[in-house]
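Peer 1: Sequence:
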Amino acid sequence: MEPVLQVDSLSKRFGSIVALERVSFALEAGTILGLIGPNGSGKTTLLNTLNGLYRPDSGEIRYLGRPTRNLRPHQLALLGISRTFQNARVFHTLTVSQNMLVPLVHARVHGAEAQERARQLLTFVGLERYQALPASELSGGQQKLLEFARALMTEPRLVLMDEPFGGVHPEIKALLLERIREAQQERQVSFIIVSHEIPDLLSLARTIICMSYGRIIARGSPQEVSEHPDVIAAYLGHAGGQAQTSPSSSVSSSSYFEQAGGHPS
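Be aware that the sequence shown starts at 11, since it is given in my numbering, and climbs by one per residue.
To be clear, the hints were calculated from the coordinates, so they are not data collected in a lab. Fair warning: there could be bad hints in the mix.
[Said to hold, decoys possible] Here are the computed distance ranges between Cβ atoms for each label pair: (1) R197 x S146: 43 to 51 Å; (2) A243 x R118: 47 to 55 Å; (3) Q85 x S146: 24 to 32 Å; (4) H102 x E70: 36 to 44 Å; (5) P180 x N49: 23 to 31 Å; (6) R118 x F24: 34 to 42 Å; (7) H120 x S19: 26 to 34 Å; (8) A36 x L143: 40 to 48 Å; (9) F24 x A184: 31 to 39 Å; (10) S19 x N49: 18 to 26 Å; (11) A142 x E234: 45 to 53 Å; (12) V119 x Q233: 17 to 25 Å; (13) D18 x Q108: 36 to 44 Å.
From the three backbone atoms N, C-alpha and C, an ideal C-beta is built for every residue, glycine too.
Work the whole structure out from these sequences, hints included.
Peer 2: See the structure below:
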């Protein structure tokens, strides 16, 4: 089966800073990929490049077999790639319902059909009672739910999420985790999720990629990545410390990451 996303030798520089260096990976349809790494490792730059906010200096991006490296975010949204951000980007002066309609400006869905899709997705994330309120009246966690629901308005095949769980109330986080799983399993949506909330990410993703200084240094199952020596070195180096012990079976991957390197972002 053709991967939903194929990335080959993707590189991006900002002046003398190498943000991405020959990054390559494939994402199978209907799967969740977790992206971790210390601060400044290139995770958000990778999402921005996949999303069309940045153009890569070299390398290829293929979505469902189609080259996309020169497309802009609104063009990618029409093809089926949506994005959420670390700080939820909602339109505070618009109502919750109006926010939901923004992604459809360039789409062929309008009127009653668009309104009904918005209503169903707001119900999906538990925000239907707030649809007439200005988005500014939602809590930060509720705004992340709104942004997630809005990302599903174009019926995407791929959603890129940057720190969706950070600073979110535990009840809202639990709902968001559940809805991401449902979107993956029932709607066959694929996800690439950057998160410093390691336990939450490990509960979702079967495959983890760890980045450091713009490069992929490990990929595999959560256990494989957590035990990889380059990952351990990256997190300990980020913390400015040295290894006192090696991670063992008695230490979970998530707790080790937190002990060794704090919360990566």
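Peer 1: Now, for every hint given, state plainly whether the structure supports it.
Peer 2: A quick look at each hint next to the structure:
A hinted range of 43 to 51 Å is violated for the C-beta pair R197 and S146, which are about 29 Å apart. A hinted range of 47 to 55 Å holds for the C-beta pair A243 and R118, which are about 50 Å apart. In this structure the hint that Q85 and S146 lie 24 to 32 Å apart at CB holds, the actual value being about 29 Å. Taken as a hint, the range 36 to 44 Å holds for the pair H102 and E70, whose Cβ atoms sit roughly 38 Å apart.
Checked against the hint of 23 to 31 Å, the C-beta distance between P180 and N49 comes to roughly 24 Å, which is consistent with it. Taking the beta carbon of each, R118 and F24 are about 37 Å apart, inside 34 to 42 Å as hinted. Evaluation of the 26 to 34 Å hint for H120 and S19 yields a failure: the beta carbon distance comes to about 40 Å. Remark: the range hint 40 to 48 Å for A36 to L143 is upheld by a beta-carbon distance near 41 Å.
Under the hint 31 to 39 Å, the C-beta atoms of F24 and A184, about 37 Å apart, fit the expected range. As the Cβ distance of S19 to N49 is approximately 24 Å, the hint placing it in 18 to 26 Å holds. Taking the beta carbon of each, A142 and E234 are about 48 Å apart, inside 45 to 53 Å as hinted. In this structure the supplied range 17 to 25 Å is violated for V119 paired with Q233, their Cβ-Cβ distance being about 42 Å.
Checking the proposed 36 to 44 Å range against D18 and Q108 shows it holds: the Cβ atoms sit about 39 Å from each other.
When held up to the earlier numbered hints, the structure conflicts with 1, 7 and 12 and fits the remainder.
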